[in-house]
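*Asks:* Taken in order, these protein sequences are the chains called A and B. Using the numbering used here, you'd call the opening residue of the first sequence number 402 and step up by one each time. Using the numbering used here, you'd call the opening residue of the second sequence number 4 and step up by one each time.
I should point out that these hints are in silico values taken from the structure, not numbers from a laboratory. Cβ atoms here follow ideal geometry from the backbone N, Cα and C, with glycine treated the same way. You may find that some hints are simply not true.
These stretches of chain A come out as covered by chain B in the derived footprint (C-beta under 8 Å, 3 or more residues) [unchecked claim]: (1) 441 to 455; (2) 464 to 477; (3) 504 to 515.
Within a straight-line C-alpha distance of at most 25 Å, the following computed DSS-like cross-link-like pairs (lysine-lysine) qualify [to be verified]: (4) B:Lys-76 <-> A:Lys-442; (5) B:Lys-19 <-> A:Lys-442; (6) A:Lys-437 <-> B:Lys-6; (7) B:Lys-117 <-> A:Lys-423; (8) B:Lys-19 <-> A:Lys-441; (9) B:Lys-76 <-> A:Lys-441; (10) B:Lys-117 <-> A:Lys-442; (11) A:Lys-423 <-> B:Lys-76; (12) B:Lys-107 <-> A:Lys-437; (13) B:Lys-107 <-> A:Lys-441; (14) A:Lys-441 <-> B:Lys-6.
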Amino acid sequence: ETGVTQTPRHLVMGMTNKKSLKCEQHLGHNAMYWYKQSAKKPLELMFVYSLEERVENNSVPSRFSPECPNSSHLFLHLHTLQPEDSALYLCASSQAQGWNTGELFFGEGSRLTVL
Amino acid sequence: AQKITQTQPGMFVQEKEAVTLDCTYDTSDPSYGLFWYKQPSSGEMIFLIYQGSYDQQNATEGRYSLNFQKARKSANLVISASQLGDSAMYFCAMSADPGSGTYKYIFGTGTRLKVLA
């Protein structure tokens with residue numbers, strides 16, 4: 402198993418659909434992250450979970466709803482998205498120690514297209 | 004506010020030559036980490052190298068080295084002996100915990116490197 406696995410790799414959805422992105426890490430890390438990567442923009446941190454508790458919600462619209470049922474799994478539930486939400490969604494994990502978040506280990510991303 | 008700046012949107016380098024990718028940062032936190040990541044066209048972000056704010060020596064990992072100049076707040080990535088497989092986007096990133104238990108981890112806009120045969 403690779404370190405961080407994301408499914409699906411590609412997703413096309415209409416604005417009224419409900420879908421979910423899944424992320425699984427096999428590294429025993431204690432923190433998991435969702436990032437959004439749009440063209441010509443820096444990676445945007447969306448959510449951070451530390452030990453299954455959400456510690457960061459970076460002013461993300463409520464149409465994105467994260468879920469972390471355990472330390473190995475992270476979901477991003479999508480509902481009534483807008484075309485501008487089309488982007489690459491990257492999941493990452495790290496072993497945070499004190500102030501140091503540690504290096505991030507990323508999945509290959511889920512390319513989302515909203516029609 | 005914390006910020007990462009990468010001023011080179013694109014760079015070219017001849018195969019087997021060295022190349023420096025620039026990164027400057029801004030933070031008021033005394034403790035922070037600086038990272039470089041590589042993103043090939045496949046999309047996956049690959050960790051390359053890490054430098055802690057208290058590290059006295061510049062970090063090195065194989066062909067990668069980080070030129071850390073704390074007073075200038077710069078953390079440039081040097082790739083020696085470039086290979087065709089080095090063609091990718093490169094992101095500089097910084098992590099800092101202001102002590103509130105949150106995980107601040109920000110990225111620059113990236114530099115696209117093209118290695119020429």
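*Asks:* Does B:Lys-117 pair with A:Lys-423 here, judged by a C-alpha cut-off of 25 Å?
*Replies:* violated (32 Å)
*Asks:* Sort out whether B:Lys-6 lies within 25 Å of A:Lys-437, counting only the CA atoms.
*Replies:* Holds, at roughly 17 Å.
*Asks:* Would you check the hint for B:Lys-19 and A:Lys-442, treating anything up to 25 Å between C-alpha atoms as holding?
*Replies:* Between B:Lys-19 and A:Lys-442 the Cα gap is close to 30 Å, so the pair fails against 25 Å, i.e. violated.
*Asks:* For B:Lys-76 and A:Lys-442, compute the direct alpha-carbon distance and say whether it is at most 25 Å.
*Replies:* holds (22 Å)
*Asks:* Would you mind confirming whether the straight-line C-alpha gap from B:Lys-76 to A:Lys-441 stays at or under 25 Å?
*Replies:* holds (24 Å)
*Asks:* Are the Cα atoms of A:Lys-441 and B:Lys-6 separated by 25 Å or less?
*Replies:* At roughly 16 Å apart (the allowed maximum being 25 Å), B:Lys-6 and A:Lys-441 satisfy the hint.
*Asks:* Please check whether the stretch 441 to 455 of chain A has three or more residues whose CB lies within less than 8 Å of a CB on chain B.
*Replies:* holds (count 7)
*Asks:* Do the alpha carbons of B:Lys-19 and A:Lys-441 lie within 25 Å of each other, as the hint requires?
*Replies:* violated (29 Å)
*Asks:* In terms of beta carbon proximity below 8 Å, does the stretch 504 to 515 of chain A have 3 or more residues touching chain B?
*Replies:* holds (count 8)
*Asks:* Need the status of pair A:Lys-423, B:Lys-76: alpha-carbon distance at most 25 Å?
*Replies:* Between A:Lys-423 and B:Lys-76 the Cα gap is close to 37 Å, so the pair fails against 25 Å, i.e. violated.
*Asks:* Holds or violated: B:Lys-107 and A:Lys-437, Cα atoms, limit 25 Å.
*Replies:* Holds, because 15 Å separates the two Cα atoms, which is no more than 25 Å.
*Asks:* Given as covered by chain B, does the stretch 464 to 477 of chain A meet the bar of three residues or more with CB within less than 8 Å?
*Replies:* violated (count 0)
Consistency with the previously given hints fails for numbers 2, 5, 7, 8 and 11, ordered from lowest to highest.
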